[in-house]
Structures are given as structure tokens and as C-alpha cells.
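The task is simple: from the sequences and hints, build the whole structure.
There are 2 protein chains.
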Amino acid sequence: MAEQRAAPETEEDEALDSRRVTAIMSAVEADDSIRLTALLAPLHAADIADLLEQIGPAERRDFLRLYAAEIDGEILSEIDDSIREEVIAALPREVVAEAVRELDTDDVVDILEDLEAPQQAIILRALEDSDRVAVEQALAYPEYTAGRLMQREVVVAPEHWTVGETIDHLRGAEWLPDQFYHVILVNPRMNPVGYVTLGRLLSSRRETRLREIAEESFRSVKATEEESDVAYMFNQYHLISCPVVDANDRLVGVITIDDAMNVLDEEHEEDMLRLAGVGDESSISDGVLDTVKSRIPWLLVNLVTANLAAFVISLFETSISQLVALAALMPIVASMGGNAGTQSLTVAVRALATRDLTGSNALRVVRREAGVGLINGAVFALIIGAVGWGVFGSPALGAVLGAALIVNLLIAALAGTIVPLLLDRMGLDPALASGTFVTTMTDVFGFFAFLGLATVVLL
Amino acid sequence: MAEQRAAPETEEDEALDSRRVTAIMSAVEADDSIRLTALLAPLHAADIADLLEQIGPAERRDFLRLYAAEIDGEILSEIDDSIREEVIAALPREVVAEAVRELDTDDVVDILEDLEAPQQAIILRALEDSDRVAVEQALAYPEYTAGRLMQREVVVAPEHWTVGETIDHLRGAEWLPDQFYHVILVNPRMNPVGYVTLGRLLSSRRETRLREIAEESFRSVKATEEESDVAYMFNQYHLISCPVVDANDRLVGVITIDDAMNVLDEEHEEDMLRLAGVGDESSISDGVLDTVKSRIPWLLVNLVTANLAAFVISLFETSISQLVALAALMPIVASMGGNAGTQSLTVAVRALATRDLTGSNALRVVRREAGVGLINGAVFALIIGAVGWGVFGSPALGAVLGAALIVNLLIAALAGTIVPLLLDRMGLDPALASGTFVTTMTDVFGFFAFLGLATVVLL
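Residue numbers (the working numbering), protein chains in the order written: chain E, 8 to 466; chain A, 8 to 466.
Everything labelled a hint here was simulated from the structure, so no lab data went into it.
Just so you know, not all the hints are guaranteed correct.
[As the list claims (entries may be wrong)] Calculated pairs, DMTMM-like style, for lysine to aspartate or glutamate (alpha carbon to alpha carbon, straight line, at most 25 Å): (1) Lys229/E <-> Asp24/A; (2) Lys229/E <-> Asp117/E; (3) Lys229/A <-> Asp265/E; (4) Lys229/A <-> Glu172/A; (5) Lys229/A <-> Glu274/A; (6) Lys229/A <-> Asp24/E; (7) Lys229/A <-> Asp253/A; (8) Lys229/E <-> Asp265/A; (9) Lys229/E <-> Asp24/E; (10) Lys300/E <-> Asp363/A; (11) Lys229/A <-> Asp297/A; (12) Lys300/A <-> Asp87/A; (13) Lys300/A <-> Asp363/E; (14) Lys300/E <-> Asp121/E; (15) Lys229/A <-> Glu66/A; (16) Lys229/A <-> Asp272/A; (17) Lys300/A <-> Asp121/A; (18) Lys229/E <-> Asp253/E.
This is the structure:
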């Protein structure tokens, strides 16, 4: 894919700083495609793609009109899903066709996944026959599986070969993948049986057998494995690449670490956004209406649960009208509970994602959180109780405030830990527990404990 | 480091499932070190380290007593910081000494960083002289910089060499790093000027010059660069390894993708925990008191800010005592604002971390969030206004509720976006904005808008 530069030694790629962005945008405004192309030339495709995401839709249209001829496969595959459809629609068909022809099949699959059928058809038609077959086979695997992630271009050698035979074979090969880090050893049935790093291949004597220098530890994944499990495996076992096999354990492709790193990054984003009650697919480049759509569902849930809290308060209207200070103090109990619950929840969701929280230590973690809730409850009960006493001159009011706080921080700790554990046990994403559920529980129980105790003790 | 297995082809590494954990723990309980060793033999060092984190302190002591002799460098470097000190203290000195002697210098540095001085001294004394010097040099770089992250073992070649010369040199080398993916090209002053992937080296003809097959794109980092910037670079540009240079651009080491992936993972964790107001260093294996300590600071901040909200409410006590329904309805406005603020905040913090939100699109994003806040405010104002009217039979109360909601969702959107942007501009971590600040603003303004409007309009 890459033409070689004559002299790579002096040029480092340049970064996308704000001065360059300003210069680029003024070239776009001046309709100056020659200056625009010159300014973009030293940039990495990933930075050009980022720039396209950061500018507004109108600027993007102008940009693409001036720069269409230079858009290649690399830029296309770096562009965020949220604007890819729009970008492809803005480009002439020949440009898109030529761009995708340059790419490895896994990158073409990645682009195709998120497009509508008509755009998919244009791209599939542009591919050479063998590539189209490979892409269609990959698309036959379910979304978010290893089969979608892998590249089908693999470098293999029979396990009985020597280092010399292997090097001669590689040197004679007409075509090799852009990036590969291992030679995968296969038996006659094409089952992968180990791998040899290129470093060891290079440093071993020609007559050494490959199986003698195979890596100590060896893992492969099924094509139907979920991509999040694959990413976990790369991170946990420090893999660089991993062979993918079909149901009969035959080698069908290979996944490399950069793809796994990408998945890991997306999983993190999903967890963060879900915890905050934001749709996973949302992006900073979305328009106002898409953003509204992605935020409304959880706000609606929150509206319902907030009404629950309001209902609890309304049960105590008589108490509040007798002692109106209760209305001012009750949000303190609720808000402390909400914060403590969010703390427990976030720690639990993160630990489940990294698999540090499992069935074997769940009970201990729940017990620890309960202990933390009680201790923090006691600490803050003393503080707020003393403040309540001081400000309102009523030790009983201080005691009620303190007691309600202890109850609510205990509930916060338990809800924040048990809810995500249950969701995980049920096979759901624990991040779906999201702040909304936990803060509802701490609101409802906080108001109930405080107003209930106040009614019994003070009135 | 790795001895070769005789026959790698049949054995895949086994996973740490709950059945195996149960079997392992019963071997520990039975004081059966032979069975324990047999059960752990097929596990990857990373899984053994995870197991040590998941069990309680007492079980861990028993485990280590039975398994001490088998603890090697790989397990030691996989163990989480939170228990490493405890584990090292529980092991005989000879075991620790032998374990660290096996490791690459970057792994030794990683272990040393978090230890107290006496344990550091034990480990430094165990190293061979040349390794000790390398480790001490790395420790001279500030924490969280590329200099700490890099390994000093590099594979280099003069740029004028041919493929054949390079392969012969590698084959003759007495020692090579465990993992390397590129040969770094250097000029006579040891400045890195490009790199050649091993795949291309293997597939090129012997007489080809290295500089002709160097990668198109080439980046190096300064040893003083922050590790988060390094991780961003690996992720953005799909790097596999990256040379590290000193102030004079001389090659001093190399960082590989597995280290960068690790940093990226830690950065994510830090962002998530900070957003939730949890100390960054907290871990699922911490004891109750450490956990209490990591959670108290933000709860204390929240206590102060919750009192601010209580103060705002107390200003309107007369209004509440005249119309006690206000007390039940006011948390709805506050809670909707809190949720919407958390949504905006999370999206902004994540976009700043991925550098999708920059100076050049900040204004557009703020405007978009404001638009989203207004639209969502209007949508929910209609719903809650109608509900308020229906339940309380007062269109004016419904209108006040709706108007307060619009104001508060607008404030939520602006605070959730502008606060992290400002922190970032000031060179602070935007995740420090944390939910606490934003929910305080939405609480205070929510109560003020609702009670204030109610006082003016209804009473």
C-alpha cells in the first residue's frame, strides 16, 4: 500500500496543532485546493480523519470538494463511523472504489459494517473478485466477533520446516501482509499448533526446526468468539497477534494487537457512556438532533424514578409543613447517598470489566463495600449531626440527620455493588446499571429514612 | 527468559475458571504444595497474579507460603501494585532476587517504582551491575514519562547496511530482547532515522539496503514525554514500537505496544474513577480502611456543596410552608439536571481524552450541548408540566415546574461541557471536574430556579 519515500531519515510526520488547523481552514475558505493539499501532505491519515470529525458539516462538504482526489483507503478507514456515511456520499464513486481496493480485507469489513445497503453495494462492486469473496465471508460472521475483526491474510509454515526453508519461502513470496509479527505453524490439516516470532526466526540458525523455536505459550481464538473477550485476552496475556480458527480448528485468519487495542478502547468508551446514561453510539461530531435522541431515553427513565422520590416526599408533607427545616436538609442525605453509590458502582463496573471482580471474590467485595459504607456513614453522621445540632439547636434533629445518613450510605454501598453484579450474572452489561438506578435508590431511601425518622422522633 | 517446551503443539494455556479456583483454594487449605503447584502449572503468570489479587490477605499468606519457590519474575511483574509490597514482603529474599534477575529492565523499573526504599534496596542489590545501572538511569527520569516506560535493550543497524548484513548480524548476536518488531536505523551519531519491520526484512533480497525498505512513516519520542501522550500516539498512529531519544536526539531505548496498551488502560481507569470521585489508586483488593480513605475526600466536598443546596432551599422556607407540594417537586428538577449534567460531562471528558474535542471545535460543541439542553428541557418541561398540572390541578404550578426544568437542563449542559474544557485549558485533568461539581451546580440552580419562580408566580 505504501510507496516508499526517497529519504525517510529527515522527515518526521507532523502533528495536527491548532495553527495548522487554522491554516487548513483558511485554505478551504479560499477554495485553494493546491494549498490545502500541501498543508495536509505531511499529516498522518489518522489526523486528517480527526480533522474531518472536528469541523462542522458545511466546512466538511467544502473540504471534501477540494480534497476528494486525495482521499485514500487509509483516510477512509480512519474516519469515525459517525461521519463515514456522509463522507462516502460526498465523494465521487471512482475515488471510493480506488480507495477501498488498496485496503486489507479486515479494514474493508470495518468500513462496510456501518454503511447502508446501497453504499455497501458500491464498495463491494469495486473490489477484486477474491477480495470480495473474503469480505463477504467475514461479513457472514456475527457482528462483534473475532471473525469480523480478523484479517484473512496469514503467514504460515508447516511445523517441520527449518528456519532456512521459511526465510527462503518468505523471500520468494509474491505478496505478504503489510504487518505481520509471527509465522504461524500449522499441521497438515491446517490446524495452528504454535507460532514463531520473527525476531527469533531472524536470530536462529538456518538449520533449526521451527518447532524448536516456537513460543512457550500459545493461544488461538474461535472465529465466533466475542471481540470483547479477544481484546481482554490480548491485554491479559500481552499478545501481539493471535490465530483465528473455525469450528474444526482450522486456521481462517489472524487478529493483530492494533485491532485489539481499538476494541479495548471502544469497550472503555461504552462503559463510560453507559454509566452516565448516554447512548453508546454517540460521538462528539453528532448533530444536535442525534445527540438529543441518544440522551432522551435515560432522562425519561430518570423522570419516572424522580417522580418516585417525589411521591415518597409527598407522603411526609404533614411532617414538612410542621418542621420546614426538613425540606432544606433532606437533599443533603440524598446527595451524599448518590455520591457514595456512584463511587461503589464505578469501582464495581470497572472491576467486572477487567475481570478483577469474579464469583470467587464477589462476597468479599460486597462485605468490604458494606463496611466502607458503614464507616463513611458514621464519619459523616458525626459531622452533619453536629452541624445540624449547631445550626438548628436541636440535638434530636442532628441525631436523625446522622442516622439517616448512615442508613443511606449503607444502602448506596450495597446497591452500587450488588446491582452490577446481578446484571453481570444475568449476562447483561453491568454498566447498564448506570447512575440513574443507583441514585434513584439512594434518593428514595434517603428521603424515606430521613423524613420517616424525623416524623417518629421529632414530631 | 522462556525455556522451550518440548512439544508446544498440543498444549494451549488454560484459563482461570471458577472450578479451578475452588480446586486451588482447597489445595491451599489442605496445605498441599504439590497439588497446588500441579494445579497452577498450566496457568499463565497473569492469571496466577489475578488469583492472588482476588483472594483475601489470610489466604494469600498461606498461598505464598506453599508456592514461594515457584514465584518467578513474570508473576511478580504481573501482580497489581496494590498487593505487590505485601507479596514481596512475604517471600524469601532469595526468591525475590532470583525473580527480578530474569526480567527485562523496564519490568524491573515498573516493580521498583511503587516499593518503599528498603524493598527497593533489596531488589537493586540482587541485580547484576549492568542491569542495576540501567534501572537506576531509568528511575532518574520523572515518573509517568517515556523514560520510565522504555526498555533499554534495542536492536539497531546503521542505515547503510544491507538486509543480508543485518540478518547475519542478528544471527550472530549473543543476546536479543524477548520481543522486538523493528530494526531501528541509526546514523553515526546514534540518532534514529527510520525503522524496518522484521516482516519486510525477511521478505527482501539480501542485497537490498535497509533505507530502501524503511517504513514510510516514522516517529520517535523524547524520554521526558508524558506516558499518556505516548499511549495516545500508539493508539492514534497504530504503532507497534517506538524509539525513545534523549535531549540530543540520541537513541536511548524503545517502547513497545504492550506497554502503551497498559498505559492506555490505566488512563481509562483513572478517568472513570475520577469522574466518580474515587481516588485513582484504589483497587478491588484494597482493604476497608484504604477504601474509606480513597472515598472520603470527594464525599467531604459533596457534603460542603450539599449544604450550599440546603442553604438555597432554606431561603425559600416561607414559600415551602405556604405550598408544601414544592418540597416534593423540587428534587425532580434537581435530579433531571444532575443526570443531564453527568451526560454532558462524561461526553466532554471522554472526547478530551481521545482529543476529539480541541480548541478548534470547542465552541461548536458548547453550542451543540446548549441546543441539546434546550430541546431536552422543552421536551421534559412539556411532560412534567402536564403531569404537575394534572396531579395538582394548577396550570401555573405545571408551568413553573416546566420553566425551571428548561433553565436547569441548559445549565447542566453548559456546566457539564465548560467546566472540563476550562480544567483542560488550565493544564488540569478534566476528569477532576467529577460528578460532584456538576451535580452541585444543577442542585443549586435547580432549587433556586424552581423555588424562586414558584415564589414569584404562585405565592
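Are the Cα atoms of Lys229/A and Glu274/A separated by 25 Å or less?
holds, 20 Å
Distance restraint between Lys229/A and Asp272/A, which requires alpha-carbon spacing of 25 Å or less:
holds, 22 Å
Given the proposed pairing of Lys229/A with Glu172/A, does the C-alpha separation stay at or below 25 Å?
Distance ~29 Å between Lys229/A and Glu172/A Cα, so the pair is violated.
Can you confirm whether the C-alpha distance between Lys229/E and Asp265/A stays at or below 25 Å?
holds, 23 Å
Mind checking the alpha carbons of Lys300/A and Asp121/A for me, to see if they're no more than 25 Å apart?
The given pair, whose Cα atoms are some 19 Å apart, holds under the 25 Å limit.
Measure nothing beyond the straight line between the CA atoms of Lys229/E and Asp117/E; if it is 25 Å or shorter, mark the hint as holding.
Given pair Lys229/E, Asp117/E holds - Cα atoms ~19 Å apart, limit 25 Å.
Is Lys229/A within 25 Å of Asp297/A, Cα to Cα?
violated, 36 Å
Assess, step by step, whether the Cα of Lys229/E is no farther than 25 Å from the Cα of Asp253/E, and give holds or violated.
holds, 6 Å
Pair hint Lys229/A and Asp253/A, alpha-carbon separation not exceeding 25 Å:
The given pair, whose Cα atoms are some 6 Å apart, holds under the 25 Å limit.
For Lys300/A and Asp363/E, compute the direct alpha-carbon distance and say whether it is at most 25 Å.
holds, 21 Å
Between Lys229/A and Glu66/A, is the straight-line Cα distance small enough, at 25 Å or below?
Violated, at roughly 44 Å.
Pairwise hint evaluation, Asp87/A against Lys300/A, where the allowed Cα distance is 25 Å at most
Answer holds: Lys300/A to Asp87/A is near 19 Å, not above 25 Å.
Violation of the numbered hints given earlier is confined to hints 4, 9, 11, 15; the remaining hints are satisfied by the structure.
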